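Asker: Sequence:
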Amino acid sequence: MRTAQEYQDKLFKMRKNVYIDGELVGRDDPRMIPGINVINQTYDLAQDPQYDGIMTATSHLTGEKISRFCHIHQSVDDLLNKQKMTRLACQKTGGCIQRCMGIDAMNALSVITHAMDQTLGTEYHQRFLKYLAYFQENDLCANCAQTDVKGDRKKRPHEQVDPDLYLRIVERKSDGIVVRGAKAHNTVGPYADEIIVTPTRFLTEEESDWAVSFALPADWEGIHLVCRPSLPRPRRRLHAPIATFGDMESFTIFDDVFVPWDRVFMCGERDYGGMLALLFALYHRHSYTGCKPATSDVLMGLAALVAEYNGIEKAEHVRHKLAEMISVAELVYAAGIAAAVTAKRQASGTYTPDVVYCNVGRRHAGVNIYHEFEIVADLAGGLPATLPLEGDFYHEHIGPLMEKYMMRNPKISAENQHRCFRALSDVICSSQGALMQVAGLHGGGSPVMETIAILGTYDLKAKKDIAKHLAGIPIE
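With the first letter of the sequence shown counted as 1, position 221 gets the number 1327 in this note's numbering; the numbers rise by one all the way through.
It is worth saying that the hints were derived from the structure and are not from the lab. Possibly wrong hints are sitting among the right ones.
Pair by pair, the computed Cβ-Cβ distance ranges are [unchecked claim]:
#: 1; residue 1: Gln1266; residue 2: Val1554; range: 18 to 28 Å
#: 2; residue 1: Gly1417; residue 2: Gln1153; range: 23 to 33 Å
#: 3; residue 1: His1503; residue 2: Val1544; range: 37 to 47 Å
#: 4; residue 1: Gln1232; residue 2: Glu1327; range: 24 to 34 Å
All of these numbers come straight from a predicted model, not from anything done at the bench. All C-beta atoms, glycine included, are put in the ideal place defined by N, C-alpha and C.
Construct the entire structure; sequences and hints are all you get.
Answerer: What follows is the structure in C-alpha coordinates.
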(Lines of atoms letter the chains of each structure in order from A and count residues from 1; the text may use other names and numbers.)
(Lines give C-alpha, C1' and ligand atoms only; values in the text may rest on other atoms or scores of the structure.)
Protein backbone atom coordinates (compact mmCIF):
# COMPACT_ATOMS: atom_id res chain seq x y z
CA MET A 1 0.00 0.00 0.00
CA ARG A 2 1.14 3.53 -0.75
CA THR A 3 1.69 6.31 1.73
CA ALA A 4 0.15 9.73 1.29
CA GLN A 5 3.58 11.10 0.43
CA GLU A 6 4.06 8.51 -2.31
CA TYR A 7 0.64 9.39 -3.73
CA GLN A 8 1.56 13.08 -3.80
CA ASP A 9 5.02 12.50 -5.25
CA LYS A 10 3.51 10.67 -8.24
CA LEU A 11 0.73 13.22 -8.59
CA PHE A 12 3.05 16.20 -8.78
CA LYS A 13 5.01 14.59 -11.63
CA MET A 14 1.96 14.23 -13.88
CA ARG A 15 1.65 16.12 -17.14
CA LYS A 16 -0.05 19.50 -16.91
CA ASN A 17 -3.58 19.16 -18.27
CA VAL A 18 -5.63 20.87 -15.54
CA TYR A 19 -7.24 24.26 -16.18
CA ILE A 20 -8.45 26.55 -13.38
CA ASP A 21 -9.99 29.91 -14.26
CA GLY A 22 -8.30 30.05 -17.64
CA GLU A 23 -4.87 28.97 -16.38
CA LEU A 24 -3.06 25.71 -17.18
CA VAL A 25 -1.67 24.48 -13.86
CA GLY A 26 0.27 21.62 -12.34
CA ARG A 27 -1.17 19.39 -9.69
CA ASP A 28 0.87 21.18 -7.03
CA ASP A 29 -1.25 24.31 -7.52
CA PRO A 30 -2.32 25.63 -4.06
CA ARG A 31 -5.99 25.40 -5.04
CA MET A 32 -5.57 21.64 -5.44
CA ILE A 33 -4.06 21.02 -2.01
CA PRO A 34 -7.29 20.95 0.07
CA GLY A 35 -8.71 18.24 -2.20
CA ILE A 36 -5.43 16.34 -2.18
CA ASN A 37 -5.53 16.50 1.63
CA VAL A 38 -8.80 14.55 1.54
CA ILE A 39 -7.23 11.75 -0.50
CA ASN A 40 -4.17 11.84 1.76
CA GLN A 41 -6.49 10.86 4.61
CA THR A 42 -7.46 7.64 2.83
CA TYR A 43 -3.80 6.65 2.66
CA ASP A 44 -3.03 7.74 6.23
CA LEU A 45 -6.00 5.86 7.70
CA ALA A 46 -5.02 2.68 5.83
CA GLN A 47 -1.60 2.84 7.53
CA ASP A 48 -3.17 3.17 11.01
CA PRO A 49 -3.30 -0.23 12.79
CA GLN A 50 -6.50 0.65 14.65
CA TYR A 51 -8.38 0.71 11.33
CA ASP A 52 -6.96 -2.54 9.98
CA GLY A 53 -9.76 -4.56 8.39
CA ILE A 54 -11.90 -1.47 7.91
CA MET A 55 -9.60 0.63 5.72
CA THR A 56 -7.83 -2.49 4.42
CA ALA A 57 -8.86 -5.79 2.85
CA THR A 58 -7.30 -8.95 1.46
CA SER A 59 -7.04 -9.07 -2.33
CA HIS A 60 -8.89 -12.03 -3.84
CA LEU A 61 -6.31 -11.94 -6.66
CA THR A 62 -3.06 -12.06 -4.67
CA GLY A 63 -3.99 -12.70 -1.03
CA GLU A 64 -2.08 -9.54 -0.07
CA LYS A 65 -3.28 -6.74 2.16
CA ILE A 66 -4.60 -3.83 0.07
CA SER A 67 -6.55 -0.64 0.56
CA ARG A 68 -10.27 -1.30 0.71
CA PHE A 69 -10.57 1.49 -1.85
CA CYS A 70 -8.99 -1.00 -4.31
CA HIS A 71 -11.01 -4.07 -3.30
CA ILE A 72 -13.66 -6.05 -5.17
CA HIS A 73 -16.43 -7.08 -2.78
CA GLN A 74 -16.27 -10.84 -2.19
CA SER A 75 -18.78 -11.10 0.66
CA VAL A 76 -21.50 -9.40 2.68
CA ASP A 77 -18.83 -8.37 5.19
CA ASP A 78 -16.91 -6.61 2.43
CA LEU A 79 -19.93 -4.44 1.68
CA LEU A 80 -20.52 -3.75 5.37
CA ASN A 81 -16.89 -2.80 5.90
CA LYS A 82 -16.90 -0.57 2.82
CA GLN A 83 -19.84 1.28 4.34
CA LYS A 84 -18.05 1.57 7.71
CA MET A 85 -14.89 2.77 5.97
CA THR A 86 -16.78 5.44 4.05
CA ARG A 87 -18.52 6.82 7.13
CA LEU A 88 -15.29 6.83 9.14
CA ALA A 89 -13.23 8.56 6.45
CA CYS A 90 -15.90 11.20 5.82
CA GLN A 91 -16.09 11.95 9.55
CA LYS A 92 -12.34 12.58 9.54
CA THR A 93 -12.53 15.08 6.67
CA GLY A 94 -15.89 16.68 7.39
CA GLY A 95 -17.35 15.80 3.99
CA CYS A 96 -17.06 13.72 0.83
CA ILE A 97 -14.10 11.32 0.84
CA GLN A 98 -14.14 11.35 -3.00
CA ARG A 99 -12.13 8.17 -3.56
CA CYS A 100 -15.21 5.90 -3.49
CA MET A 101 -16.01 6.70 -7.13
CA GLY A 102 -13.16 4.64 -8.48
CA ILE A 103 -13.81 1.47 -6.57
CA ASP A 104 -17.56 1.67 -7.19
CA ALA A 105 -16.79 1.74 -10.93
CA MET A 106 -14.30 -1.12 -10.56
CA ASN A 107 -16.85 -3.33 -8.82
CA ALA A 108 -19.43 -2.61 -11.52
CA LEU A 109 -16.88 -3.48 -14.23
CA SER A 110 -15.99 -6.72 -12.47
CA VAL A 111 -19.60 -7.87 -12.89
CA ILE A 112 -20.39 -6.52 -16.36
CA THR A 113 -17.14 -7.53 -18.09
CA HIS A 114 -17.66 -11.09 -16.85
CA ALA A 115 -21.28 -11.09 -18.05
CA MET A 116 -20.25 -9.87 -21.52
CA ASP A 117 -17.57 -12.54 -21.81
CA GLN A 118 -20.01 -15.28 -20.81
CA THR A 119 -22.69 -14.15 -23.25
CA LEU A 120 -20.73 -12.66 -26.15
CA GLY A 121 -17.41 -14.50 -26.02
CA THR A 122 -15.42 -11.30 -25.54
CA GLU A 123 -12.20 -10.97 -23.55
CA TYR A 124 -13.05 -7.94 -21.46
CA HIS A 125 -12.94 -9.67 -18.09
CA GLN A 126 -9.37 -10.86 -18.51
CA ARG A 127 -8.38 -7.33 -19.49
CA PHE A 128 -10.18 -6.04 -16.44
CA LEU A 129 -8.47 -8.52 -14.11
CA LYS A 130 -5.08 -7.50 -15.47
CA TYR A 131 -5.97 -3.84 -14.91
CA LEU A 132 -7.32 -4.64 -11.43
CA ALA A 133 -4.03 -6.28 -10.46
CA TYR A 134 -2.19 -3.13 -11.58
CA PHE A 135 -4.72 -0.94 -9.74
CA GLN A 136 -4.30 -2.87 -6.49
CA GLU A 137 -0.53 -3.25 -6.70
CA ASN A 138 -0.10 0.51 -7.13
CA ASP A 139 -2.87 1.49 -4.67
CA LEU A 140 -4.40 3.86 -7.19
CA CYS A 141 -6.99 6.57 -6.76
CA ALA A 142 -9.53 6.81 -9.59
CA ASN A 143 -12.34 9.04 -10.73
CA CYS A 144 -15.39 7.62 -12.46
CA ALA A 145 -16.40 9.80 -15.41
CA GLN A 146 -19.97 8.75 -16.10
CA THR A 147 -22.26 11.75 -16.61
CA ASP A 148 -22.27 12.98 -20.21
CA VAL A 149 -23.02 16.63 -20.95
CA LYS A 150 -26.16 15.36 -22.77
CA GLY A 151 -27.05 18.41 -24.89
CA ASP A 152 -30.80 18.60 -25.61
CA ARG A 153 -32.39 16.62 -22.79
CA LYS A 154 -35.35 15.70 -24.97
CA LYS A 155 -33.13 13.86 -27.46
CA ARG A 156 -31.22 10.60 -27.29
CA PRO A 157 -27.47 10.40 -28.05
CA HIS A 158 -27.93 9.58 -31.75
CA GLU A 159 -30.55 12.34 -32.13
CA GLN A 160 -28.33 15.20 -30.95
CA VAL A 161 -27.31 17.90 -33.43
CA ASP A 162 -23.76 17.30 -32.20
CA PRO A 163 -23.17 13.55 -31.60
CA ASP A 164 -20.19 14.32 -29.34
CA LEU A 165 -22.51 15.59 -26.56
CA TYR A 166 -22.43 12.00 -25.37
CA LEU A 167 -18.91 10.55 -25.30
CA ARG A 168 -18.51 8.11 -28.20
CA ILE A 169 -16.15 5.98 -30.24
CA VAL A 170 -15.09 7.88 -33.37
CA GLU A 171 -12.55 5.38 -34.71
CA ARG A 172 -11.67 1.71 -34.24
CA LYS A 173 -8.04 0.84 -34.97
CA SER A 174 -5.89 -2.29 -34.83
CA ASP A 175 -4.27 -1.19 -31.57
CA GLY A 176 -7.19 0.55 -29.88
CA ILE A 177 -10.01 3.05 -30.22
CA VAL A 178 -10.34 6.83 -30.45
CA VAL A 179 -13.01 8.55 -28.35
CA ARG A 180 -14.44 12.05 -28.30
CA GLY A 181 -16.77 13.81 -25.86
CA ALA A 182 -16.97 15.30 -22.40
CA LYS A 183 -17.97 14.15 -18.94
CA ALA A 184 -19.28 16.43 -16.19
CA HIS A 185 -19.26 16.49 -12.38
CA ASN A 186 -15.99 14.57 -12.11
CA THR A 187 -15.12 14.73 -8.43
CA VAL A 188 -11.43 14.01 -7.67
CA GLY A 189 -10.59 13.97 -11.40
CA PRO A 190 -7.74 16.52 -11.29
CA TYR A 191 -5.91 14.74 -8.47
CA ALA A 192 -6.75 11.14 -9.35
CA ASP A 193 -4.24 8.71 -10.83
CA GLU A 194 -6.76 7.28 -13.28
CA ILE A 195 -10.05 8.16 -14.96
CA ILE A 196 -12.53 5.32 -15.50
CA VAL A 197 -15.20 6.04 -18.12
CA THR A 198 -18.62 4.36 -18.23
CA PRO A 199 -21.83 5.02 -20.18
CA THR A 200 -24.46 7.19 -18.56
CA ARG A 201 -27.71 5.58 -19.78
CA PHE A 202 -29.40 2.69 -21.59
CA LEU A 203 -28.68 2.70 -25.32
CA THR A 204 -30.63 1.77 -28.46
CA GLU A 205 -29.67 -0.15 -31.61
CA GLU A 206 -28.42 3.04 -33.24
CA GLU A 207 -26.17 3.87 -30.31
CA SER A 208 -23.45 1.22 -30.21
CA ASP A 209 -20.76 3.89 -30.67
CA TRP A 210 -21.80 5.39 -27.33
CA ALA A 211 -21.45 2.04 -25.52
CA VAL A 212 -17.88 2.43 -24.34
CA SER A 213 -15.92 1.95 -21.14
CA PHE A 214 -12.20 2.34 -20.52
CA ALA A 215 -9.59 3.53 -18.02
CA LEU A 216 -6.69 5.90 -18.64
CA PRO A 217 -4.13 7.84 -16.61
CA ALA A 218 -5.63 11.22 -15.75
CA ASP A 219 -2.85 13.07 -17.59
CA TRP A 220 -3.21 11.05 -20.82
CA GLU A 221 -2.73 12.89 -24.10
CA GLY A 222 -5.96 14.54 -25.27
CA ILE A 223 -7.62 14.68 -21.84
CA HIS A 224 -8.32 18.19 -20.53
CA LEU A 225 -9.64 18.72 -16.99
CA VAL A 226 -11.40 22.08 -16.61
CA CYS A 227 -11.86 22.48 -12.88
CA ARG A 228 -13.86 24.31 -10.25
CA PRO A 229 -12.40 24.32 -6.72
CA SER A 230 -14.50 24.51 -3.56
CA LEU A 231 -11.98 25.69 -1.01
CA PRO A 232 -12.00 26.31 2.73
CA ARG A 233 -11.39 29.83 3.98
CA PRO A 234 -7.71 30.17 4.89
CA ARG A 235 -6.87 30.28 8.60
CA ARG A 236 -4.00 32.38 9.96
CA ARG A 237 -4.23 31.50 13.64
CA LEU A 238 -7.23 29.31 14.42
CA HIS A 239 -5.88 26.24 12.65
CA ALA A 240 -8.46 23.45 12.43
CA PRO A 241 -8.93 20.28 10.35
CA ILE A 242 -12.10 21.61 8.69
CA ALA A 243 -10.02 24.40 7.15
CA THR A 244 -7.58 22.02 5.47
CA PHE A 245 -10.01 19.98 3.35
CA GLY A 246 -11.74 20.85 0.10
CA ASP A 247 -13.02 19.54 -3.19
CA MET A 248 -12.40 20.04 -6.88
CA GLU A 249 -14.78 19.08 -9.68
CA SER A 250 -13.73 18.57 -13.27
CA PHE A 251 -15.47 19.12 -16.58
CA THR A 252 -13.42 16.50 -18.42
CA ILE A 253 -12.91 16.82 -22.17
CA PHE A 254 -11.74 13.86 -24.28
CA ASP A 255 -10.40 15.45 -27.46
CA ASP A 256 -9.91 12.54 -29.89
CA VAL A 257 -8.25 10.43 -27.21
CA PHE A 258 -6.58 7.16 -28.18
CA VAL A 259 -7.31 4.22 -25.85
CA PRO A 260 -5.20 1.04 -26.26
CA TRP A 261 -7.17 -2.21 -26.33
CA ASP A 262 -5.83 -3.42 -22.99
CA ARG A 263 -7.55 -0.42 -21.38
CA VAL A 264 -10.92 -0.94 -23.15
CA PHE A 265 -13.65 -2.77 -21.18
CA MET A 266 -16.63 -2.16 -23.49
CA CYS A 267 -16.67 -1.29 -27.17
CA GLY A 268 -20.06 -1.20 -28.85
CA GLU A 269 -21.96 -3.71 -26.69
CA ARG A 270 -24.94 -1.40 -26.33
CA ASP A 271 -27.11 -3.95 -24.49
CA TYR A 272 -24.63 -3.78 -21.61
CA GLY A 273 -24.08 -0.02 -21.59
CA GLY A 274 -27.14 0.73 -19.50
CA MET A 275 -26.42 -2.22 -17.22
CA LEU A 276 -22.97 -0.83 -16.45
CA ALA A 277 -24.40 2.64 -15.86
CA LEU A 278 -27.00 1.29 -13.45
CA LEU A 279 -24.59 -0.96 -11.61
CA PHE A 280 -22.08 1.83 -11.00
CA ALA A 281 -24.97 3.94 -9.69
CA LEU A 282 -26.05 1.10 -7.41
CA TYR A 283 -22.60 0.71 -5.86
CA HIS A 284 -22.25 4.48 -5.57
CA ARG A 285 -25.62 4.77 -3.83
CA HIS A 286 -24.48 2.13 -1.39
CA SER A 287 -21.39 4.25 -0.73
CA TYR A 288 -23.74 7.15 -0.06
CA THR A 289 -25.32 5.16 2.76
CA GLY A 290 -21.93 5.54 4.44
CA CYS A 291 -20.93 9.06 3.44
CA LYS A 292 -24.26 10.83 3.88
CA PRO A 293 -24.68 9.57 7.47
CA ALA A 294 -21.18 10.99 8.04
CA THR A 295 -22.33 14.36 6.68
CA SER A 296 -25.27 14.12 9.08
CA ASP A 297 -22.81 13.29 11.88
CA VAL A 298 -20.89 16.50 11.12
CA LEU A 299 -24.04 18.61 10.93
CA MET A 300 -25.68 17.18 14.05
CA GLY A 301 -22.39 17.48 15.95
CA LEU A 302 -22.21 21.17 15.09
CA ALA A 303 -25.90 21.61 15.92
CA ALA A 304 -25.52 19.93 19.32
CA LEU A 305 -22.33 21.86 20.07
CA VAL A 306 -23.75 25.27 19.24
CA ALA A 307 -26.89 24.47 21.23
CA GLU A 308 -24.67 23.71 24.23
CA TYR A 309 -22.64 26.89 23.72
CA ASN A 310 -25.85 28.92 23.32
CA GLY A 311 -27.24 27.40 26.54
CA ILE A 312 -30.28 25.81 24.88
CA GLU A 313 -29.23 22.15 24.58
CA LYS A 314 -31.93 20.95 27.00
CA ALA A 315 -34.78 22.87 25.36
CA GLU A 316 -37.43 20.48 24.07
CA HIS A 317 -37.54 21.88 20.54
CA VAL A 318 -33.75 21.53 20.29
CA ARG A 319 -33.85 17.90 21.39
CA HIS A 320 -36.59 17.18 18.86
CA LYS A 321 -34.53 18.72 16.05
CA LEU A 322 -31.51 16.64 17.03
CA ALA A 323 -33.71 13.54 17.07
CA GLU A 324 -34.74 14.34 13.49
CA MET A 325 -31.09 14.48 12.44
CA ILE A 326 -30.26 11.25 14.25
CA SER A 327 -33.20 9.55 12.53
CA VAL A 328 -32.06 10.62 9.07
CA ALA A 329 -28.47 9.52 9.63
CA GLU A 330 -29.23 6.14 11.12
CA LEU A 331 -32.10 5.24 8.79
CA VAL A 332 -29.87 5.91 5.78
CA TYR A 333 -27.08 3.88 7.36
CA ALA A 334 -29.51 1.08 8.25
CA ALA A 335 -30.66 0.93 4.63
CA GLY A 336 -27.04 0.40 3.62
CA ILE A 337 -26.67 -2.40 6.15
CA ALA A 338 -29.85 -4.03 4.83
CA ALA A 339 -28.59 -3.67 1.25
CA ALA A 340 -25.34 -5.41 2.19
CA VAL A 341 -26.92 -8.20 4.23
CA THR A 342 -29.31 -9.03 1.36
CA ALA A 343 -26.59 -8.70 -1.32
CA LYS A 344 -26.33 -11.25 -4.12
CA ARG A 345 -23.25 -13.02 -5.41
CA GLN A 346 -22.87 -12.53 -9.15
CA ALA A 347 -21.31 -15.01 -11.59
CA SER A 348 -18.03 -13.08 -11.40
CA GLY A 349 -17.91 -13.72 -7.64
CA THR A 350 -18.61 -10.06 -6.87
CA TYR A 351 -21.35 -9.16 -4.40
CA THR A 352 -23.93 -6.55 -5.41
CA PRO A 353 -26.05 -4.77 -2.79
CA ASP A 354 -29.84 -4.92 -2.87
CA VAL A 355 -31.38 -2.43 -5.29
CA VAL A 356 -34.39 -1.36 -3.24
CA TYR A 357 -32.56 -0.86 0.06
CA CYS A 358 -29.75 1.10 -1.64
CA ASN A 359 -32.18 3.37 -3.40
CA VAL A 360 -34.52 4.03 -0.47
CA GLY A 361 -31.48 4.90 1.64
CA ARG A 362 -29.99 7.25 -0.94
CA ARG A 363 -33.39 8.84 -1.63
CA HIS A 364 -34.00 9.46 2.09
CA ALA A 365 -30.62 11.17 2.33
CA GLY A 366 -31.28 13.33 -0.73
CA VAL A 367 -34.69 14.63 0.30
CA ASN A 368 -33.44 15.53 3.79
CA ILE A 369 -30.08 17.22 3.16
CA TYR A 370 -31.40 20.79 2.98
CA HIS A 371 -33.55 20.25 6.06
CA GLU A 372 -30.48 19.14 8.00
CA PHE A 373 -28.66 22.34 7.03
CA GLU A 374 -31.78 24.28 8.01
CA ILE A 375 -31.71 22.79 11.51
CA VAL A 376 -28.05 23.74 11.98
CA ALA A 377 -28.72 27.29 10.77
CA ASP A 378 -31.79 27.53 13.01
CA LEU A 379 -29.92 26.52 16.16
CA ALA A 380 -26.82 28.56 15.35
CA GLY A 381 -28.64 31.79 14.56
CA GLY A 382 -27.30 34.39 12.17
CA LEU A 383 -23.72 34.63 13.46
CA PRO A 384 -22.18 32.04 11.09
CA ALA A 385 -23.21 34.31 8.21
CA THR A 386 -22.07 37.59 9.79
CA LEU A 387 -19.07 36.47 11.84
CA PRO A 388 -16.23 39.03 11.58
CA LEU A 389 -13.04 37.84 9.96
CA GLU A 390 -10.41 35.96 11.92
CA GLY A 391 -7.89 38.82 12.16
CA ASP A 392 -10.33 41.03 14.04
CA PHE A 393 -10.20 38.66 17.00
CA TYR A 394 -6.44 39.22 17.30
CA HIS A 395 -6.35 42.99 16.88
CA GLU A 396 -4.70 44.73 19.82
CA HIS A 397 -7.74 46.88 20.62
CA ILE A 398 -10.70 45.16 18.96
CA GLY A 399 -9.71 41.59 19.85
CA PRO A 400 -10.50 41.77 23.60
CA LEU A 401 -13.81 43.48 22.81
CA MET A 402 -14.69 40.71 20.34
CA GLU A 403 -13.99 38.09 23.01
CA LYS A 404 -16.14 40.00 25.52
CA TYR A 405 -19.15 40.28 23.23
CA MET A 406 -18.87 36.79 21.73
CA MET A 407 -19.31 35.17 25.14
CA ARG A 408 -22.35 33.01 25.72
CA ASN A 409 -21.52 30.29 28.22
CA PRO A 410 -19.02 31.51 30.87
CA LYS A 411 -17.85 27.91 31.40
CA ILE A 412 -16.52 27.76 27.83
CA SER A 413 -13.52 29.76 26.69
CA ALA A 414 -13.96 32.61 24.26
CA GLU A 415 -11.56 30.89 21.87
CA ASN A 416 -13.59 27.68 21.78
CA GLN A 417 -16.78 29.63 21.19
CA HIS A 418 -15.03 31.47 18.37
CA ARG A 419 -13.79 28.13 16.96
CA CYS A 420 -17.32 26.71 17.04
CA PHE A 421 -18.83 29.59 15.08
CA ARG A 422 -15.87 29.73 12.69
CA ALA A 423 -16.44 26.03 11.90
CA LEU A 424 -20.18 26.63 11.49
CA SER A 425 -19.43 29.44 9.06
CA ASP A 426 -17.05 27.19 7.11
CA VAL A 427 -19.66 24.44 6.83
CA ILE A 428 -22.97 26.25 6.27
CA CYS A 429 -21.90 29.63 4.82
CA SER A 430 -19.23 28.73 2.27
CA SER A 431 -18.65 27.35 -1.20
CA GLN A 432 -17.84 24.01 0.41
CA GLY A 433 -21.15 24.02 2.29
CA ALA A 434 -23.08 24.84 -0.86
CA LEU A 435 -21.31 21.99 -2.65
CA MET A 436 -22.23 19.60 0.18
CA GLN A 437 -25.89 20.54 -0.24
CA VAL A 438 -26.04 20.10 -4.01
CA ALA A 439 -23.95 16.92 -3.87
CA GLY A 440 -26.17 15.64 -1.07
CA LEU A 441 -29.17 16.11 -3.35
CA HIS A 442 -27.79 15.02 -6.74
CA GLY A 443 -24.62 12.97 -6.12
CA GLY A 444 -25.00 9.35 -7.14
CA GLY A 445 -28.37 10.19 -8.67
CA SER A 446 -31.09 12.69 -7.83
CA PRO A 447 -34.08 11.53 -5.71
CA VAL A 448 -36.17 11.17 -8.86
CA MET A 449 -33.66 8.61 -10.17
CA GLU A 450 -33.91 6.63 -6.94
CA THR A 451 -37.71 6.85 -7.24
CA ILE A 452 -37.53 5.38 -10.75
CA ALA A 453 -35.24 2.58 -9.56
CA ILE A 454 -37.50 1.79 -6.60
CA LEU A 455 -40.69 1.69 -8.66
CA GLY A 456 -38.98 -0.34 -11.38
CA THR A 457 -37.76 -2.98 -8.93
CA TYR A 458 -40.24 -3.14 -6.07
CA ASP A 459 -42.89 -5.88 -6.20
CA LEU A 460 -46.10 -3.88 -5.86
CA LYS A 461 -48.16 -6.78 -7.21
CA ALA A 462 -47.24 -8.79 -4.12
CA LYS A 463 -48.62 -5.96 -1.97
CA LYS A 464 -51.85 -5.87 -3.97
CA ASP A 465 -52.15 -9.62 -3.48
CA ILE A 466 -51.91 -9.07 0.28
CA ALA A 467 -54.72 -6.53 0.02
CA LYS A 468 -56.81 -8.91 -2.12
CA HIS A 469 -56.30 -11.73 0.38
CA LEU A 470 -57.42 -9.56 3.28
CA ALA A 471 -60.38 -8.19 1.30
CA GLY A 472 -61.50 -11.63 0.17
CA ILE A 473 -60.77 -10.93 -3.50
CA PRO A 474 -59.50 -13.91 -5.54
CA ILE A 475 -55.81 -13.69 -6.38
CA GLU A 476 -55.17 -14.28 -10.07
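Asker: The structure should be examined with respect to each hint, and the outcome stated for every one.
Answerer: These are the hints, each one checked on the structure:
no.	hint	result
1	Gln1266 <-> Val1554: 18 to 28 Å	holds, 22 Å
2	Gly1417 <-> Gln1153: 23 to 33 Å	violated, 42 Å
3	His1503 <-> Val1544: 37 to 47 Å	holds, 41 Å
4	Gln1232 <-> Glu1327: 24 to 34 Å	holds, 26 Å
Hint 2 alone, counting from the list given before, is not met by this structure.
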